[in-house]
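Which chain is which? The protein sequence lines are A and B, in order. Going by the working numbering, the first sequence opens with residue 1, and the numbers climb by one from there. Going by the working numbering, the second sequence opens with residue 207, and the numbers climb by one from there.
Warning: the hint list may mix true and false statements.
Unchecked claim - Here are the computed lysine-lysine pairs in the DSBU-like style, where the Cα-Cα straight-line distance is at most 35 angstroms:
id	chain 1	residue 1	chain 2	residue 2
1	B	Lys427	B	Lys559
2	B	Lys427	A	Lys190
3	A	Lys152	B	Lys330
4	B	Lys246	A	Lys190
5	B	Lys782	A	Lys190
6	A	Lys197	B	Lys415
7	A	Lys190	B	Lys724
8	B	Lys330	B	Lys472
9	B	Lys208	B	Lys427
10	B	Lys246	A	Lys19
11	A	Lys170	A	Lys152
12	B	Lys724	A	Lys152
13	B	Lys394	B	Lys434
If you're looking for bench data, these hints aren't it; they were derived computationally from the structure.
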Amino acid sequence: MSNSRGGFPCPPVNAESVKSIIIVGVGGQGTLLASRIMGDALVQKGYDVKVSEVHGMSQRGGSVITYVRYGDEVNSPVIENGEADIILAFEELEAARYLPFLKPGGTVITSTQQIDPMPVITGAAEYPQEVILAIESLGITVRRLDALSLAKQAGSVRAVNVVLIGALAKDMDIEKEVWLSALEKCVPEKFLELNQKAFELGYNSY
Amino acid sequence: MKELLLGNEAVARGLYEVGVGVVSSYPGTPSTEITEAAAKYDEIYTEWAPNEKVAAEVAAGAAIGGARSFCGMKHVGLNVAADPIFTMSYIGVNAGMVIGVADDPGMHSSQNEQDSRNYAKAAKILMLEPSDSQECKDFTKLAYALSEEYDTPVFLRLTTRISHSRSLVEISERDSIELKPYDKNTAKNVMLPAFARPKHVAVEVRTKKLTEWAETCELNKIIDNNAKIGVITSGACYQYAREAIGDGANYLKLGAVYPLPVEKIKSFAAGLDKVYVIEELDDIIEAHCKAIGVNVVGKDLLPRVGEFSQRIIKQYITCDENAFFSLPAELPIRPPVMCSGCPHRGLFYTLNKAKVFVSGDIGCYTLGASAPLSAMDTCICMGASISALHGFNKARGEEASKRAVAVIGDSTFMHTGINSLVNVAYNQSNSVTIILDNSITGMTGQQQNPTTGFTLKGDPTTAVNLEALCKSIGISRVTVVDPYDVKAVQKVLAEELEAEEPSVIISRRPCALLKYVKHAEPLMVNENCIGCKICMGVGCPSLSFDAASKKAVIDANTCTGCNVCAGICPKNAIVKGVRS
Chain A
1 MSNSRGGFPC
11 PPVNAESVKS
21 IIIVGVGGQG
31 TLLASRIMGD
41 ALVQKGYDVK
51 VSEVHGMSQR
61 GGSVITYVRY
71 GDEVNSPVIE
81 NGEADIILAF
91 EELEAARYLP
101 FLKPGGTVIT
111 STQQIDPMPV
121 ITGAAEYPQE
131 VILAIESLGI
141 TVRRLDALSL
151 AKQAGSVRAV
161 NVVLIGALAK
171 DMDIEKEVWL
181 SALEKCVPEK
191 FLELNQKAFE
201 LGYNSY
Chain B
207 MKELLLGNEA
217 VARGLYEVGV
227 GVVSSYPGTP
237 STEITEAAAK
247 YDEIYTEWAP
257 NEKVAAEVAA
267 GAAIGGARSF
277 CGMKHVGLNV
287 AADPIFTMSY
297 IGVNAGMVIG
307 VADDPGMHSS
317 QNEQDSRNYA
327 KAAKILMLEP
337 SDSQECKDFT
347 KLAYALSEEY
357 DTPVFLRLTT
367 RISHSRSLVE
377 ISERDSIELK
387 PYDKNTAKNV
397 MLPAFARPKH
407 VAVEVRTKKL
417 TEWAETCELN
427 KIIDNNAKIG
437 VITSGACYQY
447 AREAIGDGAN
457 YLKLGAVYPL
467 PVEKIKSFAA
477 GLDKVYVIEE
487 LDDIIEAHCK
497 AIGVNVVGKD
507 LLPRVGEFSQ
517 RIIKQYITCD
527 ENAFFSLPAE
537 LPIRPPVMCS
547 GCPHRGLFYT
557 LNKAKVFVSG
567 DIGCYTLGAS
577 APLSAMDTCI
587 CMGASISALH
597 GFNKARGEEA
607 SKRAVAVIGD
617 STFMHTGINS
627 LVNVAYNQSN
637 SVTIILDNSI
647 TGMTGQQQNP
657 TTGFTLKGDP
667 TTAVNLEALC
677 KSIGISRVTV
687 VDPYDVKAVQ
697 KVLAEELEAE
707 EPSVIISRRP
717 CALLKYVKHA
727 EPLMVNENCI
737 GCKICMGVGC
747 PSLSFDAASK
757 KAVIDANTCT
767 GCNVCAGICP
777 KNAIVKGVRS
């Protein structure tokens, strides 16, 4: 490795102390709220945190990705191929699309929801079959949950994002109380109860 | 206390803390949230101006009037605002004035990838560039002190990744800043040639002084890791370089990107084996280094296009590559689309079927260029649709004008469309202008504008009457149509294309995402469906085709019941359903 680094002697300083999570989905699914809740929980735990969001055109039903990085000191706000410890996917095709971001040994948490992109709607392309099985066949740990049904159970299809945050919380080293306090700060009061229910359903989904 | 803030929110916090009194902006991704966040502070007067030129002039007047002022815009907005800004460079300020400009490397949400640093050089205006949210706040505050000390407006340059990334920011209280007295000073504030000539001399002197400041200021800092390789960089690129190279290099991190220091760069480079300049887009820093005789490596290796990241630096400089997984299958792309219930859909479906030339503009409706609507022939910049159509019609004559239209949103029409429509009326082309009035500035996330009747702060105000405005310009044919009614749109379009004079069609229906818009019951597909797929032509994300049953399917969770698909179904197979 040292010979191929263009004359640079040391590997990057903090690559191992920083954790990286990407949240992927379809614009409009509420990935921004998910990253906001996550950011708040991580700040409560005393980490240095950077969250990079997508605003603007892609939010109109396009493929969206949000980066969350935390650790002692975070430099870059973005995550690249082979760098994500966790992929939190709101949709199966998007889980597959961003798979190259996963670090070897990383985990994919995905909703089993499938949303046809426009080329599939117009008949120019087909929605790929069994993408999750294809990911698993690479030896990757995939946790899947039907977040849409769980959100409906909680009271609104819009709570998919909080169901998925609940599922992610189970996989992270942060107390449940911290997540719930972050949730309280990030959602409007009149929807708090619904979202708490959604969080629990996600948390207990596996 | 520390808060996790977007770069844009941190700029707004800086505006608050440094006692800014007046903010005027036009929304534009990625700059919009600066002004939205500033509007949450009651102490700051904030407004959406009709365009960036107006916003910059409002900020200029406020600064002359003695209040610290700000205007925010995206990179292309700076083209619109350039006229007052170039002369404000001569006039200088009374109270400080800062122009926030957010570039969009990678064109996440823009029509070009221009590098605003060129403007700093061209207008001879100091430009600061933060690399995280804390610096966004700190540099904003510092910009006002510098603006007043050196009698100059100051640019604060952001990029998408800085504007839209959250990082921790230490929060402070607001400084108590008094309104400065206004004293009439014609020689300073009136740029007649006789007054402007000495001011140009003063600007050159100021640039020299600012260059001296750049040599010693804390913003341009050296991080000495006792390495043999050096990196000169700024903004987001500093973070990417730290990520990719770590302590393997010495860094000269430039917080001020115009004017650039000379001696500081020379002394940084002295004794190093190799110095890289890592900058997105143009070679501004690199060209400066080469001009002062410092040998650096930059664009010979690194791209001039697109957004950087640690991967780009690893690929081109350290020659590292992370191991990663990939699936063998090719996946369908997911481009952005018009939302379910979008009022633009019925109109663009009609334009597609009519096979007319469509002169497009900037907004959500630019998505009408994509399949299956595919109804746009050109899109240049804000306001260009109407003037470009006029030019097209003048070039190609009467017959072509019966097969051509311009489409422009309500906010874009207010921005720079009005003067184009004046030209159509004044110079008489049989142009058909369609104003897509969805009662909001949609693409940037629902901002108010002069047609909506509400201010940025949400207070009721006077609303521009589009029909009366068009008529007063000299357009006598003005028709209003509901774009959910496809048949009515078809009829109006055919009539106006045939008209022997300029005309305006107002396609009026509020954006489906607006809170006050009540959606109808979702539609459903009944047994009459013959699987002809005609409805797929409207490009609605709530519609899909079920291969097993060979019938269209409507997602009741997202359908807003707009009826556009039902209106074109030849078998009347799309009917009212129930929300699950």
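Status of the hints after comparison with the structure:
no.: 1; hint: B:Lys427 x B:Lys559; verdict: violated, 60 angstroms
no.: 2; hint: B:Lys427 x A:Lys190; verdict: violated, 48 angstroms
no.: 3; hint: A:Lys152 x B:Lys330; verdict: violated, 58 angstroms
no.: 4; hint: B:Lys246 x A:Lys190; verdict: holds, 21 angstroms
no.: 5; hint: B:Lys782 x A:Lys190; verdict: holds, 30 angstroms
no.: 6; hint: A:Lys197 x B:Lys415; verdict: violated, 61 angstroms
no.: 7; hint: A:Lys190 x B:Lys724; verdict: holds, 19 angstroms
no.: 8; hint: B:Lys330 x B:Lys472; verdict: holds, 23 angstroms
no.: 9; hint: B:Lys208 x B:Lys427; verdict: holds, 24 angstroms
no.: 10; hint: B:Lys246 x A:Lys19; verdict: holds, 33 angstroms
no.: 11; hint: A:Lys170 x A:Lys152; verdict: holds, 21 angstroms
no.: 12; hint: B:Lys724 x A:Lys152; verdict: holds, 21 angstroms
no.: 13; hint: B:Lys394 x B:Lys434; verdict: violated, 49 angstroms
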